[in-house]
Amino acid sequence: MIHFSNVSKVYGKNIVALDHVDLGIESGEFVFLVGASGSGKSTMVRLILKELEPSAGGITVNGVRLSAIPRRGIPRHRRSIGCVFQDFKLLPNKTAAENVAYAMEVTGQRPRTIRTKVPQILDLVGLRDQMEKFPDQLSGGEQQRVSIARAFVSQPPILIADEPTGNLDPDTSVGIMQLLHRINRIGTTVLVATHDREMVDVMRKRVVALENGRIVRDKARGVYADEV
Amino acid sequence: MRFNWGFFVREALKGLRLNLIMSVTAVTTTAVCILILGAGLLVSAHVQGIIRQVGEGVEITAFFPKNASPERIDQARRAVEGFPEVEEVAYVSREEALRRLRTNFAEQPEVVEGLGSNFLPASLEIKLKDPSYAEGVAVKLEGAGFREEDLNYPQQTINELNRITGYIVWALRAATALFLVASVLLISNAIRLSIFARRKEIEVMKLVGASDGFVRWPFVIEGLVQGLIGATLAALVVLWVNALFVEWAQNAVPLLGVSSAAVSTLSVFLILVVVGVAIGVFGSFMSVRRFLKV
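Chains as they are written, first to last, in our numbering: chain Z, 1 to 228; chain S, 229 to 522.
One or more hints might be untrue.
What the hints assert, rightly or not - Listed next, the stretches of chain Z that the computed footprint assigns to chain S, with coverage defined by at least 3 CB atoms under 8 Å from CB atoms of chain S:
no.: 1; segment: 69 to 76
no.: 2; segment: 86 to 95
no.: 3; segment: 100 to 107
To be verified - Straight-line Cα separation of at most 20 Å, EDC-like style, residue types lysine to aspartate or glutamate; simulated pairs:
no.: 4; chain 1: Z; residue 1: 94; chain 2: Z; residue 2: 169
no.: 5; chain 1: Z; residue 1: 50; chain 2: S; residue 2: 440
no.: 6; chain 1: S; residue 1: 242; chain 2: Z; residue 2: 98
Since the hints were made in silico from the structure, they are not lab data. C-beta atoms are modelled at their ideal positions from N, C-alpha and C, and glycine is treated no differently.
Please build the complete structure, drawing on both the sequences and the hints.
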């Protein structure tokens, strides 16, 4: 589903964010990408979204080589990947329902489809009653649920979350992780970049650890750090 | 992709409402710029109108020799009527010339007493389409058999008038162009500010997979609406001020020849509104473009 082959990313002249990374994630997997700040997690996410271009190496997503996608093909590429961010990235001028609807509008779906689908998906993330609230009227956890609903509403094959619980308290984080887990169980490939140790240890999923731009560990049913 | 105009217009109107202060700023800026541009157009139109009126008084008088036969007169008259530069030709017979003289000296009849109808020569009074044609027509008249000393036209006045007119018209055009450039800069700045305040929004739109066009259209429609409102308000004010000015000038300085005919209300209105809308659309189009590169 997502393949990095020998990918390097250098910012400026000599800031190495990724150093010859090889990684394969198969369809339906749930993968944690862990590591300290600056270890290269976010760079990997942004490379997958084609927000950045690799300095060397090749990336394939959904069977498509990213280097072969022209600039005007980027929106279509991004629609095949649901995205959840640490800072939620909701549109402040739109209600929860409108934020989710916007992701459907950009794909040109029919108003009737949008009207039926949006409440369903908000129901799924447990926000049926908060539909008409604006982001600043919602708690952090609720905002993150809206953003997950938005990421998932078009049922993309891949869902990427970059520090989804970074701004949330532990209890709220559990809810978010359960939500991601449910989305994974219906067949979506889920990639979560995080340094939330507790969460990773509880979930017992595949863990890929990055350190200074290199993969130092890749373990199925792993934990955040190896037991010493 | 389905091209959803309804959605874009709804988004644009929502954007205008939610960013009300920025919208008002953009509308006000547009209105001020269009006001200045409109004032430039008006001054230019009135100055040209006044110049045209002064120029309309310019005539060439061509006198016939006293012994000219009626056939000769008729022939010359028809020839002159055929000149393309000539607006109108009037024949003044000897009798008519004497009658005019008598009217002019009605207070002192002794001056004109005893003058016979052959005292004054007959003449053609030639009104020109443009004062600048005077010299050329004079040459043509000489070609048609008139002697140079029988032609009478205010050459000095005409030359002077043409020179000044040229300067004024060019100065006004330059000033208007300058104002136009200034307005474009000012307005696109206002729009850029309003879009800069929303760059995060644009970034998010792009991240959830919106194409450039999808992000851009609501902003462009916003620009269009802002330009339309600002320009329409300004154009109405300009035309209202124009009406007041014409009325005032005709009462206060009637000799200046200010006339409402110098300004075509409809075309001034259309020019101003079209310029305003074009600036709004172009300004937002360019401003959004800078933030689309995510």
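Now the hints, each set against the structure:
no., hint, result
1, 69 to 76, "holds (count 3)"
2, 86 to 95, "holds (count 5)"
3, 100 to 107, "holds (count 5)"
4, Z:94 to Z:169, "violated, 25 Å"
5, Z:50 to S:440, "holds, 15 Å"
6, S:242 to Z:98, "holds, 12 Å"
Comparing the model with each earlier hint shows a violation of hint 4 alone; every other hint is respected.
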